[in-house]
Amino acid sequence: MNARRVAVIGGNRIPFARSNSAYAHASNHEMLTAALEGLVRRFALDGELLGEVVAGAVLKHPRDRDLTREALLSTRLAAQTPAYDIQQACGTGLEAVVLVANKIALGQIDAGIAGGVDTTSDAPLALNESLRKLLLELNRTPDTPGRLRLLARVRPWQLIPEIPRNAEPRTGLSMGEHCAVMAGEWGIERAEQDGLAARSHQRMAAAYERGFFDDLMTPFSGLERDQNLRPDSTPEKLAKLRPVFGGAGGTMTAGNSTPLSDGASAVLLASEEWARERGLPVLAYITHAQTAAVDHVHPLPSTGSPEGLLMAPAYAMPKMLDRAGLTLGDFDVYEIHEAFAAQVLCTLRAWEDPVFCRERLGCEQPLGAIDRDKLNVNGGSLAAGHPFAATGGRIVAALAKELHERESGGPPARGVISICAAAGQGVVAILESAGDGAAGASA
Amino acid sequence: MSDPYLQFVNSPPGAAIARQLGLPRPVRLERHRLGDPVIRGRVLLGGSSAPIGSPPMAGGRQAAAGGLLQEIVAVLREAGCELATGNEAPLRELVAQAGMDATVFNGEAPGGQRLKALVFDASTIADSRGLAEMHGFFHGSVRQLERCGRVIVLGTPPADCDSVRQATAQRALEGFTRSLGKELGRGATVQLVLVAPDAGAGLASTLRFLLSPRSAYVSGQVIHVGAPGASAAAVPAQLDWERPQAGRVALVTGASRGIGEAIATTLAREGAHVVGLDVPALADELEQVSTRLGGEALVLDVTAAETPAAIAERFSDGVDVVVHNAGVTRDRTLAKMPAERWSELMDINLSSQERIDEALLAAGAIRPGGRIVCVSSMSGIAGNAGQTNYATSKAGVIGRVQALAGELAGRGATINAVAPGFIETRMTAAMPIPIREAGRRMSSLGQGGEPVDVAETIAWLAHPASGAVNGNVVRVCGQNFLGA
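Same order as they appear, the protein sequences are chains A and B. Under the working numbering, think of the first position of the first sequence as -1, with each following residue one higher. Under the working numbering, think of the first position of the second sequence as 228, with each following residue one higher.
This list has only true hints and no planted wrong ones.
So the derived list for chain B, only partly shown, Cβ under 7 Å to chain A, looks like this:
1) Arg269
2) Asn314
3) Ala329
4) Asn333
Here are some chain A residues pointing at chain B (derived, C-beta under 7 Å):
5) Ala178
6) Gly182
7) Glu183
8) Trp184
9) Gly185
10) Ile186
11) Gly244
12) Asp351
13) Arg356
14) Glu357
It should be emphasised that the hints constitute simulated quantities derived from the structure, not laboratory data. Ideal placement from N, C-alpha and C gives every residue a C-beta, glycine not left out.
Please take these sequences and the hints and turn them into a complete structure.
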């Protein structure tokens, strides 16, 4: 089967807001609609019947059944466009891109949108579990005396709702606590993390200054820039924050961990023909992707502790590189999702480490070090914020544009994405610019 | 033999009171149980930064050979240890080459990483400035050491160093380990292992013993591996670490009770056919022990004239392990000590050993791979008021061990001594309370040892893989402050 090349045409997102702030009253539906609608306008997709739209949210209300389909019905896309929701924690956005791309590559569809949205402000509170059970029992009880007896069992504390938790179900540890364990087992120091965080803010601020995000974003609810961005961030300022994970001697702070955030993103993908017919530019092509998972629950016999929760991208990478016939050094740009600065640094150290690469990845040689100047060149999640399912779309769109800008007519510019996700999962992908006078219709 | 204070401070109210009053807080020591791994928990390994693949500095042959890290990694791998190392590229590469997994440990950012043992190869430290690496490795890691943790520093014997500066630095290590042993507390032990050039291959049994709870009551010791002539005694190729004494025959004197019974039990557990020896007065108890262990009872008085010949006759087809444990105390200050008290004790504790060993050696009964282990005493090292006779005999035991080591090495065998400190036995239970309490608390571990602690130490010295350990005197005293 001949797979078709899959083009990234462009992306759109709303600025990301800090939790319980600018988007405190915005729903997932509203934010995803805004991101999609902005994309529709940018590429004049009014009334366009797309192959499909795929998106998801990590924190989702029970009422948001078919969230993506409902959102697209609120846009100017043709109402006949099918849609479905997916969910893979923070991997949701990139996984959605991979799913749409695969259908395009197989010729099942010609164009589609992948996206994601999340809100931690408009969070889905659920009924207290014991009250929920009681009400269900009430529903099953036919006689009035029986129902009254049940209602007499309602207690005030049952009004306390179930709040979605940021803890791993099988370990009870929050993601930050998991990452603190990883940071300890890789010996990641505070200063490295603060340095990476400051760089993220500075680079994103610079990207805003030069207008890089102008055609990647739609203002929403009074925000024009990511609310979390601190252009004046420095390692010295970050060094003053107190640790929030890993106890008093911990190295992880609110400054080098992503804050809870709200936002949405969307990416337009298509076959080359579809783009050419509409005179749309091709920013880059999606060439490879890989998902992996680790067992973050059971201790490894070799070290007595389980694999780190957020180490799955480290495992996904060599598999993808092997298939692509590339090495880790072959990229012009690296986009590693900054869930925590420590996660990025653990991943980089793992790829440099002969022990990890040999024992856990099965690679004779370490994957090697990367040039840090090529890492998250337009800032990352530490600066932008991280509405879980929206991060993948943010990164794909920004990387595609960055690669397009680097197109020189020579060999294609290459970028790689690495995103860690809860429950021990990770997604990686490769994007390439057109290069060598290839078919991509450069705008 | 119970230690009420140890039980008290390990109860919640007792711990609180002891903390408030600043009283010593000894912890219950972990001890080996059948089927246990060598060590439960993570081992942090490091080495002086010069070693791997770098040209020799001012150092001796050890430095030229690149230190001991390779041998240590091999031992840790075979023992199934969980490993952590610093993020130094050469060490990580070495661990990877050995096919071993390992986490990274950074003392500046340890996270919650807990360590059960800290092992540092200092054998290539070439001068006094290089000793800063001791601080560098241990400064950030000692705080992460778990209860009953283990610290092992490996060095080069000063006599084998090629320069004055290196010998100085290597001798300096002893001050470090002895001090760290005194300050760690919480059941931790600290040892210095001096490894002669080219003797790294003989480290396995020693590292395993020192890492494991078998060495619970051994701390602050300096152990020589690869003493002169010992390299001939190779480590057996096929070795069952669970039953290393399988197929071997062991003679244990004074085996009917106390430390002797524990020695017999431990050697039998390791697979040895144990022949227990004791005086006719204790024949019944000896018989019980032998029956329980599936061994053999030899009812003889070690001081009797015909005993050496009888023993040599019994072992005419050879013996692998001889443990000289039989001994007595006949305490009295010298001015009040009648001559019999002196001579009777000396005959039991020292002269009989000489006669038995001479008979066995003359008959060629000590097999290649044979192990003689003598029970000395802390009194023999430190001296003790009221024990001129006893301390003389026990110091004499040390003399025998050192004088005989060369000859035994020539036969592919070894001779070593253990020197117990305060061990909880019937003898110590009969002591007046103030003396007993002082004996227990005046040590780094703050408590008395158990007979099994002496027995485990003897089992290590008697181990078929301990051929490179010869002429040592190892104290089993919880780093007692006397004579240390």
